[in-house]
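Using the hints, put the two standalone chains together into the complex.
Line by line, the protein sequences give chains S and R.
Anchor point for the first sequence: position 105 equals 105 in this note's numbering, and the numbering is continuous, going up by one each time.
Anchor point for the second sequence: position 95 equals 95 in this note's numbering, and the numbering is continuous, going up by one each time.
Simulated from the structure, these hints should not be mistaken for laboratory data.
As the structure is a prediction and not an experimental result, all values here were calculated from the model.
Quick reminder that beta carbons are idealized off the backbone N, C-alpha and C, glycines included.
Some hints could be false.
Claimed, not checked - Straight-line C-alpha distance at most 27 Å; calculated DSSO-like pairs for lysine-lysine:
hint	chain 1	residue 1	chain 2	residue 2
1	S	K49	R	K42
2	S	K68	R	K57
3	R	K57	R	K78
Unchecked claim - Covered stretches of chain R (chain S as the covering partner; in silico rule of three or more C-beta atoms under 8 Å from a C-beta of chain S):
hint	region
4	10-23
5	62-73
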Amino acid sequence: AQSVTQPDIHITVSEGASLELRCNYSYGATPYLFWYVQSPGQGLQLLLKYFSGDTLVQGIKGFEAEFKRSQSSFNLRKPSVHWSDAAEYFCAVGVSYNTDKLIFGTGTRLQVFP
Amino acid sequence: EPEVTQTPSHQVTQMGQEVILRCVPISNHLYFYWYRQILGQKVEFLVSFYNNEISEKSEIFDDQFSVERPDGSNFTLKIRSTKLEDSAMYFCASSGDRAETQYFGPGTRLLVL
Chain S
1 AQSVTQPDIH
11 ITVSEGASLE
21 LRCNYSYGAT
31 PYLFWYVQSP
41 GQGLQLLLKY
51 FSGDTLVQGI
61 KGFEAEFKRS
71 QSSFNLRKPS
81 VHWSDAAEYF
91 CAVGVSYNTD
101 KLIFGTGTRL
111 QVFP
Chain R
1 EPEVTQTPSH
11 QVTQMGQEVI
21 LRCVPISNHL
31 YFYWYRQILG
41 QKVEFLVSFY
51 NNEISEKSEI
61 FDDQFSVERP
71 DGSNFTLKIR
81 STKLEDSAMY
91 FCASSGDRAE
101 TQYFGPGTRL
111 LVL
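With the rest of the complex left out, here is chain R (with noise of 0.2 Å):
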């Protein structure tokens, strides 16, 4: 069963360093997002990706994050600057269409000391 992947499974980083996290989406969808979830709070949407463009992001993803699409397999979430306050888990997930059915990669733990 084709199955969203993630790397690294884990990552510690310098406050200030930059980051990126990489996700393979499922071959044949289209549609691409990053979530996070902050250590015992809930999931968090971040951003969606269609057409090699955002197509919506929230408040929590500011111009401290950008997302990329490189090639046709991976999707990138790079975070410029980090703050402690970005330790969290990440998670990719992809979409064959709009409204159908997300699949979550196993996320990126990031830690930021």
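The following block holds chain S by itself, in its conformation from the complex (with noise of 0.2 Å):
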């Protein structure tokens, strides 16, 4: 069955320092993934997604991540983190043909410190 996992459940930054958040998904064929923001109290923003052709995708707010069919990661980075950036993260991955459904990790909480 197709799963993604989150291993962080919360991470603390600085805010300047760069991040990774780390995405991992099982699924047989190659999928659509996608990274999703949530900030407190509100709805789901897509960050960036990721089809097909280059590995590396960029998204808002100076956001990007690898695919890498070898690891069935999709990790998000960033060089530099703002205070803004404070929210929830969400992996996501889409299993179409058959299915149009996301499936969703179940987030990292990321805390950013002045």
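The structure is reproduced here in structure tokens:
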């Protein structure tokens, strides 16, 4: 069965530090991969997505993610974190052709200290 | 930029009551979805809808749940007889085609007492 694992439940970084949020997926074929961000009390905002092509994808707010098929990973990175990046981050896999649903990971809560 | 909207933002109801959650998807989108997020847990798929019929539903989406597109713009989720465990944030999403990005609304927080 398809699944998404986000090993880090909670990460704390200092403002200006680099960030990497981990995501691993389980799926037999090439998945569609997404990162969404959820600020407190808000909905889910798409940060970036991977469908095909270049395995390094750029998103909004200075985020990027790299698809590594050999590691079944799609880690999210940002070189310098801002205090406004504090939020919950969800990795999701879309398994198409026979289903449209997104399967989400459990999320990583990012806390940013000044 | 077009966005998905949902009403109400919050709803409190008594156990056993019916609730209808409303969503207005992005206007040219054809695929519609409901997800829910129980407090502190991950977002879970409930149902997908295309061409006026359900294309897929999860185990959560039992006979108490139904979806409808009553007109050209709204997409609704009805829970016929709410249970305490239905308390959650419910998200509507839409996409232009299969395997395309799903855009999420801000959610409706449902509290069943």
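Point to revise | Hints breached by this structure | key: 2, 4 and 5
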